[in-house]
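Novice: Protein chains in written order, with this note's numbering: chain A, 808 to 1082; chain B, 808 to 1082; chain C, 467 to 520; chain D, 467 to 520.
In case anyone wonders, no lab produced these hints; they're calculated from the structure. One or more hints might be untrue.
[To be verified] Residues from chain B that face chain A, not an exhaustive set, calculated with beta carbons under 8 Å:
#, residue
1, Q902
2, V909
3, D915
4, G917
5, I979
6, A981
Backbone N, C-alpha and C define an ideal beta-carbon position, used for all residues, glycine too.
Single-letter residue listing:
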Amino acid sequence: MTASTIVVKIGGARAVNPTEVLDDVAELVEAGTEVVVTHGGSTTVDDTLEQLGQSPEYVETPKGVVGRFTDEKTMEVFEMVLPGLLNTELVTDLQSAGVDAVGLSGVDGGLLTGPRTSAVRVLDDGKKKIRRGDHSGRLESVDADLLSSLLSDGYTPVVCPPMAGHEQDGQITAVNTDADGVAAAIAGALDATVVFLTDVPGICTDPDDATSVVETVETPTDWEMLSDAAEGFMSRKVMAIENALSDGAPEAIVADGGATKPVTGALTGDGTHVH
Amino acid sequence: MTASTIVVKIGGARAVNPTEVLDDVAELVEAGTEVVVTHGGSTTVDDTLEQLGQSPEYVETPKGVVGRFTDEKTMEVFEMVLPGLLNTELVTDLQSAGVDAVGLSGVDGGLLTGPRTSAVRVLDDGKKKIRRGDHSGRLESVDADLLSSLLSDGYTPVVCPPMAGHEQDGQITAVNTDADGVAAAIAGALDATVVFLTDVPGICTDPDDATSVVETVETPTDWEMLSDAAEGFMSRKVMAIENALSDGAPEAIVADGGATKPVTGALTGDGTHVH
Amino acid sequence: MVDCIECGADVSLYDDIEAGEILDCGTCGVELEVLNVDPTELDTAPELQQDWGE
Amino acid sequence: MVDCIECGADVSLYDDIEAGEILDCGTCGVELEVLNVDPTELDTAPELQQDWGE
Ligand SMILES: [Zn+2]
Ligand SMILES: [Zn+2]
Chain A
808 MTASTIVVKI GGARAVNPTE VLDDVAELVE AGTEVVVTHG GSTTVDDTLE
858 QLGQSPEYVE TPKGVVGRFT DEKTMEVFEM VLPGLLNTEL VTDLQSAGVD
908 AVGLSGVDGG LLTGPRTSAV RVLDDGKKKI RRGDHSGRLE SVDADLLSSL
958 LSDGYTPVVC PPMAGHEQDG QITAVNTDAD GVAAAIAGAL DATVVFLTDV
1008 PGICTDPDDA TSVVETVETP TDWEMLSDAA EGFMSRKVMA IENALSDGAP
1058 EAIVADGGAT KPVTGALTGD GTHVH
Chain B
808 MTASTIVVKI GGARAVNPTE VLDDVAELVE AGTEVVVTHG GSTTVDDTLE
858 QLGQSPEYVE TPKGVVGRFT DEKTMEVFEM VLPGLLNTEL VTDLQSAGVD
908 AVGLSGVDGG LLTGPRTSAV RVLDDGKKKI RRGDHSGRLE SVDADLLSSL
958 LSDGYTPVVC PPMAGHEQDG QITAVNTDAD GVAAAIAGAL DATVVFLTDV
1008 PGICTDPDDA TSVVETVETP TDWEMLSDAA EGFMSRKVMA IENALSDGAP
1058 EAIVADGGAT KPVTGALTGD GTHVH
Chain C
467 MVDCIECGAD VSLYDDIEAG EILDCGTCGV ELEVLNVDPT ELDTAPELQQ
517 DWGE
Chain D
467 MVDCIECGAD VSLYDDIEAG EILDCGTCGV ELEVLNVDPT ELDTAPELQQ
517 DWGE
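For reference, chain A alone in the conformation it holds in the complex (with noise of 0.2 Å):
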């Protein structure tokens, strides 16, 4: 436990054991070390646009690559599950656990910013398409001063999607980003250890294989190694990854977020650690 400064990346609802993980952090900053807590929140989006009797909509790009398609309705329901619901219930509970939890989305305070980006090209039944009206953005720039300003004042931030999205006339829109690129944008920012809790124990070179797990990536040969063991979500959090080293974070951990002590056991070896 070296770590002065960490950003924790919560997965999804069924990837971590939210009391168990809490409890980890709790203790953390209990100890002394500075947390930053992140989460996205996809899944409680798209059952919650089911229970308001909408379907998320999911595009293909021409090179086959899935994302979400983000509409105005769709970022409306988005702003509803992951800074009300998730962000609340998450502060809610480190509070419970006697932690001084801050929730922000990154449009508070300018924290996240870049470019709306609102045009992507989809390939439609076999037919190459623009569509407009895309709530996403290219996360460019994060205001650190307001998470520092908060955690030199004991404060734990809990910082989830949407960032601060900039459109060419000036105005601001709320505009969905990608969590693990969040955390690794925050970890850059703030020089700190970024460890990603997932529900697999690490990056494995065989996915079916959990004793296949990559401990350390440091050569080149071991990142070639890496990029070829990432596969499918896994190849953007390995992305992810890579922006947040070379935005001067030291380490990146991906590690079991249903271990016991999971941000604890990954600072003192378990998972993959990426340098």
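Got chain A; can you put chains B, C and D with the ligands on it based on the hints?
Specialist: Frame of chain A, contents of chains B, C and D with the ligands only:
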């Protein structure tokens, strides 16, 4: 314009002209006034409950007072709508107007705390009953440190319910509390003038006559008139005003949120001024 | 019929009495909360301060 | 049929062409976005960087 710190309570969606209010707040902040914006959102909670196929539940006390019963599911929708949808949109709109707004619920940093009250006495079909499971709280304490720190760093806090409700076992639960009471308590804690923006020009002696606005309330006789004039929802506002003044607020103003520059107007004489 | 837990006097019950209902003892005037029905269990009804939310 | 706005060559249209579709000019290879149909209006299709959210 003499107040250096003011609390502005924005009424429901139909009560105010948001652009006019937010531009006015932006000018005040630009001119060096410290502003805390507060809001509720009960109507949108009801609308969202209906969209989710549920009915808002209102209960009547044996004394005939009607209020919302906030069960667990309603509390979730409450978190979605207030700190989620409405707060994020207000913060985003303020950012667009050039204000570095930071959204907070009363749970964040233990900003608004007090005991949770889960049991209420209700009159149901003529019978007196005790209903348990209400998610409400008695707002007893405002932690002004977080607000003062944000204000002195140039941020404009945007605060809404819920508050942090302390359970008897020491756990914290997010619970419902009246937004007028939130504005009043914050004004009291910051010794700030509080401006309640509503859909009426002030407190009227004749609710059907907009020209019957009570301009100033200072003497005991004025207060008696005020209590008589305050009907329906205004009676809770008058209670909030009494609390704000007894906690240290120099002045409370009830004014028309639909006016041009409504906050500046209120600070320079419009509406009902209570001392 | 059930006994008042304060004064022991008979307190009459509705047929469709529910848990949570408050009965007034006609003899001593105490308010009794029905904790359970079948069998009926009573306790002194708590005084409650009302705190409304939004 | 419609003229490529870059090279003027004929570009063939589907019957059910929709606004937003991207056509490739077989002659000069440029990508053309259909801005409007009936009458057909084309512009060069913008290059877009993809930014995914959650
Ligand atoms: Zn009795
Ligand atoms: Zn061509």
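Novice: Confirm or reject each hint.
Specialist: Each hint, compared with the structure:
For B/Q902, the interface hint holds, since its Cβ comes within 8 Å of a Cβ in chain A; the closest pair sits about 4 Å apart. Taking 8 Å as the C-beta contact cut-off toward chain A, the hint placing B/V909 at the interface holds, the least distance being around 5 Å. Annotation: interface hint on B/D915 holds; nearest CB of chain A at approximately 5 Å, less than 8 Å. For B/G917, the shortest C-beta to C-beta distance to chain A is roughly 6 Å, which falls under 8 Å, so the interface hint holds.
For B/I979, the interface hint holds, the least distance from its beta-carbon to any beta-carbon of chain A being 4 Å, beneath 8 Å. At a threshold of 8 Å, the smallest CB-CB gap from B/A981 to chain A is about 5 Å, leaving the interface hint in force.
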